[in-house]
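J.: Spelled out, the chains give:
Number of protein chains: 2
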Amino acid sequence: MYPETINNLIECYKKHPGIGEKSAERMALYCLEADDEMLQMFAESLLNIKKKVKRCKKCNNLTENDVCSICNDESRDSSVICVVEDIKNVFQFEKIGSYHGLYHVLDGLISPLDNINPEDINIGSLLERIDNENIKEVIIAVKPSIEGETTALYISKALEDKNVIVSKIAHGVPMGADMDYVDALTLELALEERKNMNN
Amino acid sequence: MYPETINNLIECYKKHPGIGEKSAERMALYCLEADDEMLQMFAESLLNIKKKVKRCKKCNNLTENDVCSICNDESRDSSVICVVEDIKNVFQFEKIGSYHGLYHVLDGLISPLDNINPEDINIGSLLERIDNENIKEVIIAVKPSIEGETTALYISKALEDKNVIVSKIAHGVPMGADMDYVDALTLELALEERKNMNN
Chain R
9 MYPETINNLI ECYKKHPGIG EKSAERMALY CLEADDEMLQ MFAESLLNIK KKVKRCKKCN
69 NLTENDVCSI CNDESRDSSV ICVVEDIKNV FQFEKIGSYH GLYHVLDGLI SPLDNINPED
129 INIGSLLERI DNENIKEVII AVKPSIEGET TALYISKALE DKNVIVSKIA HGVPMGADMD
189 YVDALTLELA LEERKNMNN
Chain B
9 MYPETINNLI ECYKKHPGIG EKSAERMALY CLEADDEMLQ MFAESLLNIK KKVKRCKKCN
69 NLTENDVCSI CNDESRDSSV ICVVEDIKNV FQFEKIGSYH GLYHVLDGLI SPLDNINPED
129 INIGSLLERI DNENIKEVII AVKPSIEGET TALYISKALE DKNVIVSKIA HGVPMGADMD
189 YVDALTLELA LEERKNMNN
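Residue numbers (the working numbering), protein chains in the order written: chain R, 9 to 207; chain B, 9 to 207.
It should be emphasised that the hints constitute simulated quantities derived from the structure, not laboratory data. Source: prediction; values computed, not measured. Some clues are possibly wrong.
Any copy, or any two copies together, can satisfy a pair, since identical chains are not distinguished.
What the hints assert, rightly or not - Result set (PhoX-like, lysine-lysine): computed pairs, CA atoms no more than 25 Å apart in a straight line:
no., residue 1, residue 2
1, 23, 144
2, 23, 170
3, 96, 23
4, 203, 170
5, 60, 23
6, 103, 30
7, 58, 30
8, 96, 22
9, 144, 103
10, 203, 65
Bound-form chain R, shown alone (with noise of 0.2 Å):
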């Protein structure tokens, strides 16, 4: 019904996580007005972005180059490695400004069920780091969830006997919650986790 070039527009726009027909329509309107620079930048970044974009090959972050501006940047802490599940947690942790180790992102969790084993995540190469990088510790950021925990799990028994301290970011009631609201099993972790007031 649509003229062809704004259907395939639309088709292109509904192929997208979270876009259904009528955003999709809205979104490819939206087209006909932007400006000719926006839409200039926006089809040389899609044409680009397999090409330009890669994963670093120490912490396998996305990068333009061959390792990442973090892992590249000296004046962050080189001893402290955050294991992640994906790329966005890396930018989720940058957001908040105070953390300036390194990182390392699995790209998925162990989980038995999906058939989805520790050598199908970028485990092996997070060991490698512990064995050739001056590594104190790794701090396990993934969710709590039975994946989570298993592949918590599975890295702190990995690395046992190296001379690195493993921890986990705390788990519990989230800031600014309403208590009605939380689920069982968050309180019972926060219980769980219960921290002493008294010193």
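Start from chain R and add chain B according to the hints.
T.: Quick look at chain B alone, frame taken from chain R:
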């Protein structure tokens, strides 16, 4: 924080209507995994959209030619024109599939408060069509707002002494609506425009 190409993509997605920071990020990262063919088509469509997509010389609908496919379709009833506010409405009517006449896209509604006067929207070209084409009925299909009513009234006045029926789509309680949630204005309209069921 992300590599430049991804940052650029996020910026472009964020300019789209209804897309915030998080969705833009998700959509940009999706492009990393999208297939090459789709990215190619996406980029080409973005670059072509302004060159290829124009307005129909007759009805102001979108087209890649001088006259749109609807105006060009000889099987359609060229004696009826459905007047709509914007392009999207044409495709809404086309989706129901039961209207076989032509369209006229106003590109706005009269709104003196916003300084939008009859000459700022495509009413002049509508009047010309009535003079030059063999039109028997003009169906006004704009929303039932102050602007919509003003526009409908203006058009019906302007066509008063032409030999053409001017009608307006029915307004009332929408299909499937829960009566509890229908607003007072719609109910008032529905009551006023009630239909006699005896004959």
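J.: Go through the numbered hints given earlier and state which of them the structure violates, listing their numbers in rising order.
T.: 1, 2, 4, 10
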